[in-house]
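So the protein sequences, as listed, match chains P and X. If you read the first sequence in our numbering, its first letter stands for residue 1, the second for the next number, and so on. If you read the second sequence in our numbering, its first letter stands for residue 1001, the second for the next number, and so on.
Hints are computed from structural coordinates only; laboratory data are not their basis. Treat the hints loosely; a few may be bogus.
Stated by the list, open to error - Facing chain X, according to a computed beta carbon distance under 10 Å, are these residues of chain P, among others:
no. : residue
1   : VAL96
2   : LEU144
3   : LEU290
What the hints assert, rightly or not - Each computed DSS-like pair below joins lysine-lysine, with the alpha-carbon atoms no more than 25 Å apart:
no. : chain 1 : residue 1 : chain 2 : residue 2
4   : P       : LYS32     : P       : LYS118
5   : X       : LYS1086   : X       : LYS1263
6   : P       : LYS84     : X       : LYS1243
7   : X       : LYS1243   : P       : LYS32
8   : X       : LYS1086   : X       : LYS1186
9   : P       : LYS32     : P       : LYS280
10  : X       : LYS1186   : X       : LYS1172
11  : X       : LYS1301   : X       : LYS1186
12  : X       : LYS1086   : P       : LYS84
13  : X       : LYS1301   : P       : LYS32
14  : P       : LYS118    : P       : LYS280
15  : P       : LYS84     : X       : LYS1186
16  : X       : LYS1301   : X       : LYS1243
None of these values were measured; they are calculated from a predicted model. Glycine included, C-beta positions come from ideal geometry on N, C-alpha and C.
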Amino acid sequence: MTFTQVIINSIVRASELTLLSLGLTIVYDILKFANFAHTEFAVVGVYLALFLNVTLGLPIIPAAIVASIVTGFASIALDRAVFKRMRRSSGIIVMVTSLGLGIALRNSIRAIWGADAKNYSVPLQAPIITEYFRITPLQIWIILVGVAAMFSFHLMLHHTMLGKAMRASSDNPELAQASGIATEKIITRVWFIAIAFASVGGILIGLETYILPYMGFAIIVPVFCATILGGIGNPYGAMLGALVLGFAENFGLYVNFGAILNLGGILGFSKELFIPTGYKPAISFIILILVLLIRPRGILGRKKEG
Amino acid sequence: MGLVNFLVYLAIMMGIYGILSLSLNLQYGFTGLANFGHVAFFCLGAYTSTRLVLVFKMPFIIGLLGAMVIAGLFGYVISIPTANLKEDYWAIATLAAAEVVRIFFLNEDWVVGGGPYQGGSFGIGGIPQPLRSLFSAYTYPFFYLAVVLVCLLATYVIINALTQSPFGRVIKSIRSGDNLPQALGKDVRAFRMKVMAIGGTFGGLAGCLWAHYHGFISPNQFLPLETFIVWAMVIVGGKANNKGAIVGAVVIMVFYNSTRFLKDYIPIEEVTLASLRMVVIGVLIVIAMIFMKEGLIKEKKTVY
């Protein structure tokens, strides 16, 4: 694998993670709990898109858009049914509840669609192959959607009332609450945006690989890691975290740690030393633990909270 | 499977999960530590004991003690990066740690001796059952049940004594925020680490009992799912109440195992049934958290 190829893979991964970590971070910012059902919501969107795309024969782009909107509304409904009853409960109580909700969602999907891997019906597209890298049109789409998501988030944060309210709430939660900002209306919109974005992210992952009921759980740690890495509650941090993690996951397997240990021949460490591919899922876990050890507030985290 | 055999099996599972539930209850119920990676201790205990007994040919009791020591040490080590952090970080860090443990055993087949089709994703079989030769195939489960119940009783007595001691009062004060114990000059970080180590020790005990009962372990048995089942036990049974933790284990295990027979009566596929079972577990957690915060058996409030 060439160096350029690793960079492209990293950017694709970062784009997917961004879509998911942005939603996780804004829900945390407004509702002050870590939503362990976040990635499971995304999988609901993935399977709705599968239903529209394969069962009803809709092309993938309208199917993805409709599925993400429906999932966004579904999250509002579940918020009303579950989380609204616990607005005054402590973060840990709501977090455990979201874990239960996540288990219920994941297994409902497995009961309806079965445990086998599935695929969207999309026409095969020839990858663009050059001397240094190969990239599929889908991967270009993933990067474009990821960049568009970041840009629209930035615009939303700085040019809409909702964004203003969200920034106020993260700057000073008490003052924002006293000014009546964290109202139910804001919460509803935050859920919709967070889960619709997550659903798009999930669908892109499903397009690039395959669809499994378990995929939400497979990405929960990378998504949380990206979010915490950048500073939980901070949308820009979530973007940065996703980028760092995307690169770490891919470069972790590419770098010859033997050469680093060798320090240009000083130590005489001549063996090649790569992280075995079987440990790829462990990379994000280990980064997460390192981040918690060294800088628990994240790269862009504020000092105030601990 | 005869009814008696099934009931003995069920009772053994209740005992093993009862130990897990008691140890998670110490961490979550009493101390407020959201440990979403409890299965890591279970897994480590199972593999440590298998390594000691199967590969190093040590007696069962050494395997059992080794399992407890390694799992306890692991609990202590993973709480180093998290001991000063808020509960959200605990949850994800422990979840991640448990997955690292599972991925480790998935990749390193030498841990259980290696050999073709052994270790790694193949799992490892032929784990010796303690004192197996003294009993017939029919009477052995009864003996093992006795072993499990003795361990459960010991766990209950020790954790109960701990939670009623001054140590227990400190960890309960940690649950409602760091300010009070800190004002009293307690080292909150050290207490959290001790709780993780003690909880881990008993989690390891459960893992050892599991491995030697089934005689076969593989990384697939230690999915995060197991952690969530134990969480359901603690929440449904009643957090911060040791009797509640055991009641929770009994209730959830009866539900979990009795629904297996449903497929004999209604036409439903095994996979669908397994999924629906977990849907119920998830919904139970949600409902208990909203409507029944105290669980089946309420925490005893003591006024000093």
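query: So which of the earlier hints does this model not fit?
result: 2, 4, 5, 6, 7, 9, 13 and 15
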